[in-house]
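Asks: Going down the list, the protein sequences come from chains L and G. All residue numbers for the first sequence refer to the numbering used here, where the first residue is 1 and numbers rise by one. All residue numbers for the second sequence refer to the numbering used here, where the first residue is 1 and numbers rise by one.
Fair warning: there could be bad hints in the mix.
[To be verified] Lysine to any residue pairs mimicking SDA-like chemistry, simulated, CA-CA at most 25 Å apart:
#	chain 1	residue 1	chain 2	residue 2
1	L	Lys53	G	Met13
2	L	Lys76	L	Ala20
3	G	Lys212	L	Pro68
4	G	Lys186	L	Lys15
5	L	Lys15	G	Arg60
Derived from the structure by calculation, the hints contain no laboratory data. Treat the numbers as computed from the prediction; the structure is a model and nothing was measured.
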Amino acid sequence: MTEIRHGVFDIRIDKNYCKACGLCVAWCPQDVLAEDEELYPITPGLQNCINCKLCELHCPDFAIEILPPEHPEHSKYKEAN
Amino acid sequence: MTLQTSHILRDYMRPETLPTTWCAGCGLGIIMRSIVEAIHYQGLKKDDVAMVSGIGCTGRMSGYTDFNSIHTTHGRAPAFATGLKLARPDMQVITIMGDGDAMSIGGNHLISAMRRNMDITAIVVNNSIYGLTGGQSSPTTPMDSRTTTARHRTFERPMNLEVLARAGGAPFFARATVNHTASLTKLIERALNISGFALVEIISNCHVLYGKMNEQPVASGMIANMDKETMRSNPLLKKRASYPVRETATGKTYLRDSNSDAAQSSVAADTKDRGVIFENKGSVGFSRRYFSMLENIRAQKEHAGRPDD
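Chain G extracted, bound-state conformation (with noise of 0.2 Å):
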């Protein structure tokens, strides 16, 4: 790849609205940066893009990159989307919502948009808390974290959206978090080609409000501790964490021994499908069934001789 990564982010960005507002070290800059690349590596043009935001920190992003953009309403970007799906079907239309914005207020949009299978990429930050309103609980906040509504701790079991895709009848499942930049834009490009409602959950992290008060106040530590906490869906990352961060000093060559059996064995491991939760192939979007539906009633309508009635 010679052509360089910031390159291809300043063609897709308004360089007017930048620096964006968001804290020092917010991980939603990655995840920026993350669907630019996944729609440069497409080869999709600026103009065949919309991106559709609700209200929260994730609401900004769709004013900072150049594609045709909606900020809507709290909770109604899904809804707006699918609006905007039908009127212009030829348009690839991705949704950035945050998780109080898709699970607590938008949360009958999003069951909606999923029941229906949509041709939306949804794109749903994770960070377990209410970050521009000054870090209440949201419905992911974990159980025995502090928020500043939970000052003796959460009680309450954080929601699954893994579990509420599958029952909502969403196609496509992915999970990913901020930390593990290639596999994140490798996901979205995976979810842009898919025919139905995609939906990507990333984990974010907000160290300003919810790190400060959970004992990692550090960008950085956050981030590393999410190796940590997505262990459970994958072995091969719970291997990876076990590993100090750095592993020599200064000067000294940085590879493992690649012909080990430890090294071996993970490269086997590798070529799994890792972040994809689930993945119903052969699913139809809603848009393509609408449609042949509508020739269908045309072309009966023409053989009973009564055309545009």
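Bound conformation, chain L alone (with noise of 0.2 Å):
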């Protein structure tokens, strides 16, 4: 079975694209996603993302991104870089 890494992901969510639907938190198991005051998706706990992509593959307007540390736009790939 794959082995399960936690907070090592990053969450970006383009706000243009975004329409405040409310899938992406809704789909969340680990409760990563929250909603704020203008119903945008916000990510108070990132540190329980598993990487399932639930909330990327539920987006019907393709605004959230999941980025894995391996990916060249990851912020700590970056800082290795």
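With the hints as a guide, dock the two chains, each given alone in a separate frame, to form the complex.
Replies: In structure tokens form, the structure reads like this:
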């Protein structure tokens, strides 16, 4: 079975595309995402993210993206290189 | 899979047209993502794919995706796709239609395309209502549901596309919902490889017009309800729908015990084909038969000494 890694993933939310429908918040199994006062998703529990990508797959507006640490746009990858 | 999903999408979209004009939470975005992923995983080039769409909320999808696209008249997407497939037999033609588009005004075109077994991947998005024009009853509105033209609940029976596809002679019919995104992508991938008319019915949500009048006003609640609606055709989903949505609190492990009897039996049941309602193996599409017939006629004429008359 694949090892589950917690808290190494970046979540990028593009507010130009997001319509605040709440699907990503409803489907997150680890309470990573929450809604702010305008119902846009925020990431208060980023350390719990396990890269299941349910939010990314269920986003109808392509606004959310999970970046693994191997990804060149991840913050830790940028620091290391 | 190292490649991220949104990076796939950006290559196949027209970025100047985004964000979409669909309502917040509409399942059409999920369907567009699945189609694009299926085309990407099949290794098709953008120039080898044509997307034909009719009128309705689904009609905008050909504008957002960066394939060869035709936005046709209401219900006539299979007719336009037939002509396109005969003119360019090398092209992978996908038609995307809504339920009113495909079954009401375009019913004859859909049946004729099935009868000819045209090499088209037809995707019918079923949201139970005419969404673009304001929520009128459509051929697939379920009984006892309220719409803007049926204020005292619908009393007509909904049309069953599965039976129509069987009678019309389509070799492949699959049904999925927007809740099951991974299986949706796999079904579309499989439909792209069928020689002949592959029909995929996707049950989508219209929480703005249909859900508001039927006690399902939130997108997430309506999509989660689809588990219960599809349980008749899939006993595994029926079992999963009985689980609570969130099993554990934050920070605890979310995996169930994989060695338990229930988990093992559900894994065993999972090897079945899911979503594919029927598939006729060995179907030969229209264009292959048609062009081989033309070859035969040409060969006979050359044999008779009268080439090209």
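Asks: Does the structure break any of the earlier hints, and which numbers would those be?
Replies: 2, 3 and 4
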